[in-house]
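Chemist: Working from the sequences, and respecting the hints, build out all of it.
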Amino acid sequence: MTDKENPPKDYGSYLERLWNDRVNLPAQLSASTNFGAKVEILRYALAEGESEQARRLALLAESQSEQEKLRALLMENESQQENLRALLIESKSGQGRLRELLGESETERLRLNAAAAQERIICQVAQTHAICLEDTLTRNLRKPWLPLKDALNRRLSCVAERLVRPFSEYRAMRFRHSAKKRDPRRFMSLDRSTQIVPVACATNEFSGYAVQTQTILKRYFPSDWRNPPAPLHMQLGSAALVRNRLRAAPKSASLPLDSPPAFSIVTPFYSHLDFFSDCAKSIAAVARQTEQPFEWVVFNDDPSVADDKLQHCIPETVRGRTRVLSDGQNHGISRALHFGISATVNSWVVLLDCDDMLEPNALDALAAAINTAPKCRYFSSLMIDIDDAGQELRRRREDHQFTDLFEAGMVAGHMIAFRRDLYMELGGFDPRFSGVQDYDFVLRAAAREQIQRIAMHLYRYRWHSNTQSVSRLDRQAHLTNAVRAAFLSETMGLRPVRTARPPLPEHPEIFCIMRTQGSRMELLAAAVESVRAQPFPTTPCIVVHGDRETVDFVRRHLPTEFGARNYARPAILLQAGEINRRRGYPCNVALEYLRAHASSYDLLCFLDDDDHLLPCFAERLTRLIRLTGADMAYGMANALPKNSEPYLQHKLRPTLSLLLSNFIPFNSFLVRVDAVLETNAAFAEDMHYLEDQDFLVQLFGSGMQTALLTEVISEYRLLGDGNADFKQDPDHFRNCQRKVQQRAKVAAGRLSESAFWIDVLAFPTQDRSAFDEVDLDLLHKTRDLLTGLGGRVE
Amino acid sequence: MDALSELPAISVLLPVFFRHVSAAQTRLLRHALESVVDQHYEGALEILLVDDGSPIPVQTLSDQLGPAAENIRWLRLSRNNGIVGALNVGIAAAKSPLVARMDADDLWLDGKLHAQVSQFLEDPDLTISATGMLRVDTHGDEIDRHVRPGDWSGILRFFVEKGCPFPHGSIVADRRVYRALGGYPYSATVRHCEDYALWGTWLRFFKPAMVEQALYSYRVSGNSVSSEHAMQQSAASQIVLRRFERLKLETVLPKMLPALADALGASLFEAGLLAYTAWHFRPAMAIPEAAVIPLGAVLPDRVLIKTEAAPSWRTALEMPGEDNRILISVRADSLGEAS
Numbered sequence: 011m012t013d014k015e016n017p018p019k020d021y022g023s024y025l026e027r028l029w030n031d032r033v034n035l036p037a038q039l040s041a042s043t044n045f046g047a048k049v050e051i052l053r054y055a056l057a058e059g060e061s062e063q064a065r066r067l068a069l070l071a072e073s074q075s076e077q078e079k080l081r082a083l084l085m086e087n088e089s090q091q092e093n094l095r096a097l098l099i100e101s102k103s104g105q106g107r108l109r110e111l112l113g114e115s116e117t118e119r120l121r122l123n124a125a126a127a128q129e130r131i132i133c134q135v136a137q138t139h140a141i142c143l144e145d146t147l148t149r150n151l152r153k154p155w156l157p158l159k160d161a162l163n164r165r166l167s168c169v170a171e172r173l174v175r176p177f178s179e180y181r182a183m184r185f186r187h188s189a190k191k192r193d194p195r196r197f198m199s200l201d202r203s204t205q206i207v208p209v210a211c212a213t214n215e216f217s218g219y220a221v222q223t224q225t226i227l228k229r230y231f232p233s234d235w236r237n238p239p240a241p242l243h244m245q246l247g248s249a250a251l252v253r254n255r256l257r258a259a260p261k262s263a264s265l266p267l268d269s270p271p272a273f274s275i276v277t278p279f280y281s282h283l284d285f286f287s288d289c290a291k292s293i294a295a296v297a298r299q300t301e302q303p304f305e306w307v308v309f310n311d312d313p314s315v316a317d318d319k320l321q322h323c324i325p326e327t328v329r330g331r332t333r334v335l336s337d338g339q340n341h342g343i344s345r346a347l348h349f350g351i352s353a354t355v356n357s358w359v360v361l362l363d364c365d366d367m368l369e370p371n372a373l374d375a376l377a378a379a380i381n382t383a384p385k386c387r388y389f390s391s392l393m394i395d396i397d398d399a400g401q402e403l404r405r406r407r408e409d410h411q412f413t414d415l416f417e418a419g420m421v422a423g424h425m426i427a428f429r430r431d432l433y434m435e436l437g438g439f440d441p442r443f444s445g446v447q448d449y450d451f452v453l454r455a456a457a458r459e460q461i462q463r464i465a466m467h468l469y470r471y472r473w474h475s476n477t478q479s480v481s482r483l484d485r486q487a488h489l490t491n492a493v494r495a496a497f498l499s500e501t502m503g504l505r506p507v508r509t510a511r512p513p514l515p516e517h518p519e520i521f522c523i524m525r526t527q528g529s530r531m532e533l534l535a536a537a538v539e540s541v542r543a544q545p546f547p548t549t550p551c552i553v554v555h556g557d558r559e560t561v562d563f564v565r566r567h568l569p570t571e572f573g574a575r576n577y578a579r580p581a582i583l584l585q586a587g588e589i590n591r592r593r594g595y596p597c598n599v600a601l602e603y604l605r606a607h608a609s610s611y612d613l614l615c616f617l618d619d620d621d622h623l624l625p626c627f628a629e630r631l632t633r634l635i636r637l638t639g640a641d642m643a644y645g646m647a648n649a650l651p652k653n654s655e656p657y658l659q660h661k662l663r664p665t666l667s668l669l670l671s672n673f674i675p676f677n678s679f680l681v682r683v684d685a686v687l688e689t690n691a692a693f694a695e696d697m698h699y700l701e702d703q704d705f706l707v708q709l710f711g712s713g714m715q716t717a718l719l720t721e722v723i724s725e726y727r728l729l730g731d732g733n734a735d736f737k738q739d740p741d742h743f744r745n746c747q748r749k750v751q752q753r754a755k756v757a758a759g760r761l762s763e764s765a766f767w768i769d770v771l772a773f774p775t776q777d778r779s780a781f782d783e784v785d786l787d788l789l790h791k792t793r794d795l796l797t798g799l800g801g802r803v804e
Numbered sequence: 057m058d059a060l061s062e063l064p065a066i067s068v069l070l071p072v073f074f075r076h077v078s079a080a081q082t083r084l085l086r087h088a089l090e091s092v093v094d095q096h097y098e099g100a101l102e103i104l105l106v107d108d109g110s111p112i113p114v115q116t117l118s119d120q121l122g123p124a125a126e127n128i129r130w131l132r133l134s135r136n137n138g139i140v141g142a143l144n145v146g147i148a149a150a151k152s153p154l155v156a157r158m159d160a161d162d163l164w165l166d167g168k169l170h171a172q173v174s175q176f177l178e179d180p181d182l183t184i185s186a187t188g189m190l191r192v193d194t195h196g197d198e199i200d201r202h203v204r205p206g207d208w209s210g211i212l213r214f215f216v217e218k219g220c221p222f223p224h225g226s227i228v229a230d231r232r233v234y235r236a237l238g239g240y241p242y243s244a245t246v247r248h249c250e251d252y253a254l255w256g257t258w259l260r261f262f263k264p265a266m267v268e269q270a271l272y273s274y275r276v277s278g279n280s281v282s283s284e285h286a287m288q289q290s291a292a293s294q295i296v297l298r299r300f301e302r303l304k305l306e307t308v309l310p311k312m313l314p315a316l317a318d319a320l321g322a323s324l325f326e327a328g329l330l331a332y333t334a335w336h337f338r339p340a341m342a343i344p345e346a347a348v349i350p351l352g353a354v355l356p357d358r359v360l361i362k363t364e365a366a367p368s369w370r371t372a373l374e375m376p377g378e379d380n381r382i383l384i385s386v387r388a389d390s391l392g393e394a395s
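If you read the sequences in order, they're chains A and B.
Note that the working numbering has the first sequence beginning at 11, numbered continuously upward.
Note that the working numbering has the second sequence beginning at 57, numbered continuously upward.
Treat the hints as calculated values from the structure; they're not laboratory data.
As the structure is a prediction and not an experimental result, all values here were calculated from the model.
Hints are supplied without guarantee of correctness; some may be wrong.
What the hints assert, rightly or not - Per label pair, the in silico range of CB-to-CB distance:
1. 202(B) / 322(A): 54 to 62 Å
2. 180(B) / 322(A): 43 to 51 Å
3. 326(A) / 178(B): 55 to 63 Å
4. 784(A) / 178(B): 25 to 33 Å
5. 784(A) / 202(B): 40 to 48 Å
6. 213(B) / 188(A): 48 to 56 Å
7. 171(B) / 479(A): 53 to 61 Å
8. 316(A) / 395(B): 41 to 49 Å
9. 479(A) / 202(B): 25 to 33 Å
10. 202(B) / 480(A): 27 to 35 Å
11. 213(B) / 115(A): 54 to 62 Å
12. 760(A) / 134(B): 44 to 52 Å
Using N, Cα and C, we set each Cβ at its ideal position, and we do this for glycine too.
Modeler: Structural data, given as structure tokens:
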């Protein structure tokens, strides 16, 4: 098998070797035999080898064919690979396209998102406007169907009144009363101040500006914060007064400066160390650009931050012109500004908060404005709102004129730049209004002389996240209203001028006029007892409206009151004997007595026989008169129904609204005798109703100074006709109303317009519940009456 | 507390109205009186029992009230004035510098007066002290205990967040403040929560404290004033609460009222009195310049308007002496805002 397996490779040389060995025949024979055998074997092996070769060739062929096949397959594979490569390339290009598409769709998505955000904001703006509209509608027309319903009811009541009049005057009166109550106008707008005082405000268009504003509101204001309602005087139109005053402000009478302006930028520092570097850099940028002479004064009002730290934030280029001042204490913004401004040396002061920035051209623009208007001593500019990161949020527009300052709030800053002499003349910033001191300052400045705005954005104002809490915003709103109240009183001069009267003695003598017809003696006894319980010497003056017999009847039933034995000040008993005269008559009888004995008494009060004074009456009202120097003081009274709980029938209102409708019960005021007698006021003797209002209208018309006390100091029973809704003599009641109206017109004619505003400003609105439509309507009418606007008097 | 003379005199104000004479009510009154006497207060103590016009005078029951009745000063009103009238008559009649409140069916627990008078002695600025409360049912069994924070800020916070911090029958208070405020308010709008309304004003201007222990036992009965008029009381309380809450004075007062006193050179009581007078009566008065800011902070619902020359604050408060510093005349006017 070895030979088979290893056949000789060179048969020729092998046979030649055998030929050379032929001499040894046997051996050769043997060898030939062997050789033959070997040849056979070789042949066999050859055959076998050939067969093997053939097989192998076959195998080779097969393998070749296989190879061919494989090659074909390979070719095929390669072509497939090519295809695949082509596909891959194709897919790559597709992928690129997809990527492009994806990018496009992402862009589209972002665009849509931005659009959606804008839509949302627009929606919010719309919602806000809708709420405003709803609010306005609600205020103007609370429940629109009610006026219609009322108009219908009113019509029906009028018809019913005519139908039943021939049969029953009482029923007719009730229908008439019902018709009167159904006046549809009671639902109509009471917010006439908005009609009288149109306030310039941002346009309603959904502009980018409105969107930016909404963004700021959304980012920096708590969602649950609502702007509080305007103060009462603004609801009644005080803004118009102020606008007129600001419009009438003269041009500055000051002389222009002799030399070119030089500036002192003043920065009170507190807390915002992280933003102070930006602030300082903005000063450096100003310094790089401007040729104007300026210094920078930083007053460090934050004891927790060392001056070195501030110095460290200030760029080298401006250190030479910067001073950091401090006394290691916290003084609050107004005083910090005062200290900073006091340290300045230049004629113009520019305020810059420590977290805000000046634009590089600020001083150049200011200098140019000063050059143009050399007498103007206060300039503001427009400002750019920025966020914590310094990104611009909004560029403010000139939405408001300076004449709108009162109602629009602080629209005259930032930037705030003023001459030092103006600052000195106005007495600087007022620490009472720390937080809104600049608003107070500019209001006073604008009332003094005309101020100007540079129509350029020269200041960057920074909004901070999480700093506008509800309580902080409320406080800001309260302070703003405090500034307004102070402005009206101090700058506009709307404050009471008290008549100088001699001070009351330590224990004033009180004269209490009590009218009776002798019909409710047990109640009269209780009333007298309440007079006796007063801590000051009080003399009850009981006027009996009746005949001699009635007077004796009263005397008998109050046996201890009239003698000096029991009381140091026995009661005085007077008779008002003319029965036909009405309820004012007995009061006049007592007033005559008082006039004759004026020197014996200091104070006067009234009391009907079914009512009583509370023990605190005299002491509290006398204290009020003493403290305020008023001629008259009044408080509140509980109404006592027959079968239910006491309640407050009349809420307090500004006093002069009494000209149109009474709210001061007869037994709830105390008035100086000298002031009353001076007016020569007397009760109408032909009025069964409203004679007390008529008397008070006379007092107020003569300029009597009043003070009100938000305390209950007396009580009255709801027994008589006077307090009832339905009067027993409705025709006479209407007559009485007309008489009082006439008296009110006369009284109003004697009072000045400012009397109304002084009265409104003095009223403690926060000590009573909010004014409703009816109250406000009455106050509007009072204003119209006193300001001669021809308001309808009812 | 060592020397008898150092202890302030106390008038215990106890208004009583017995519509009917009953054994149960008489017994409760006796127990109430005994609980007062059992305090063994070493200073002067009077029990001022104001009979608010009971049909049968309560004094006729004095022999059934035990030995405690000997300490009673009787005051009878000819007709029923209601709780406010009775309390105010009692305050006007009280002679002691401290007035303690007590109700006819409640009890003081041991050590109550001692703990409260100690607070007054330790802090001369204190004007009112109350204690925690143990509520019991009609059988005298404990229902629960209420102990409130004792410090100034804590009391103000409780007032704003929860409601009335003082169990009425537990208070011991400065008679001067009672009188300065005009006593309990008569207004029908705060009917049945007149004490809460009074504290609403008191706490705005005067310093309080509480003993953080339940030393007062309050009997919850079906026909007590509070139960009968719970709804009206709740509505009126809400008004008082909202008004106080709006002011945000919880942290301001304990800081700014002493600052006002410093600026005036006056006691804390006088500073509170000045602030109250300025707020309530709104007179023009001249105050030191340094007092303007703290007074403004104490009166966030007013604005200090500068006026023409006005009498000095000492004159307004009827205090002797003159303030010779440079004074500024101001008046605390309204902001014009709705309540």
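Chemist: Would you mind marking each hint as holding or not holding in the structure?
Modeler: Structure-based check of all given hints:
At about 56 Å, the CB distance of residue 202(B) to residue 322(A) agrees with the hint of 54 to 62 Å. Distance hint check for residue 180(B) and residue 322(A): the Cβ-Cβ separation is about 49 Å, which falls inside the suggested range of 43 to 51 Å. Take residue 326(A) and residue 178(B): their Cβ atoms lie about 59 Å apart, and the range 55 to 63 Å holds. For residue 784(A) and residue 178(B), the Cβ-Cβ distance of about 54 Å falls outside the hinted range of 25 to 33 Å, so the restraint is violated.
In this structure, residue 784(A) and residue 202(B) meet the distance hint of 40 to 48 Å, their C-beta atoms being roughly 43 Å apart. For residue 213(B) paired with residue 188(A), a C-beta distance near 51 Å keeps the hint of 48 to 56 Å intact. At roughly 39 Å, the beta-carbon separation of residue 171(B) and residue 479(A) lies outside the given 53 to 61 Å, and the hint is violated. Restraint check, residue 316(A) to residue 395(B): a C-beta distance of roughly 46 Å satisfies the suggested window 41 to 49 Å.
Here the CB-CB span from residue 479(A) to residue 202(B) is close to 32 Å, well matched to the stated 25 to 33 Å. Between residue 202(B) and residue 480(A) the C-beta distance comes to about 31 Å, which sits within the given range of 27 to 35 Å. As the Cβ distance of residue 213(B) to residue 115(A) is approximately 56 Å, the hint placing it in 54 to 62 Å holds. Checked against the given bound of 44 to 52 Å, the beta carbons of residue 760(A) and residue 134(B), roughly 46 Å apart, stay inside it.
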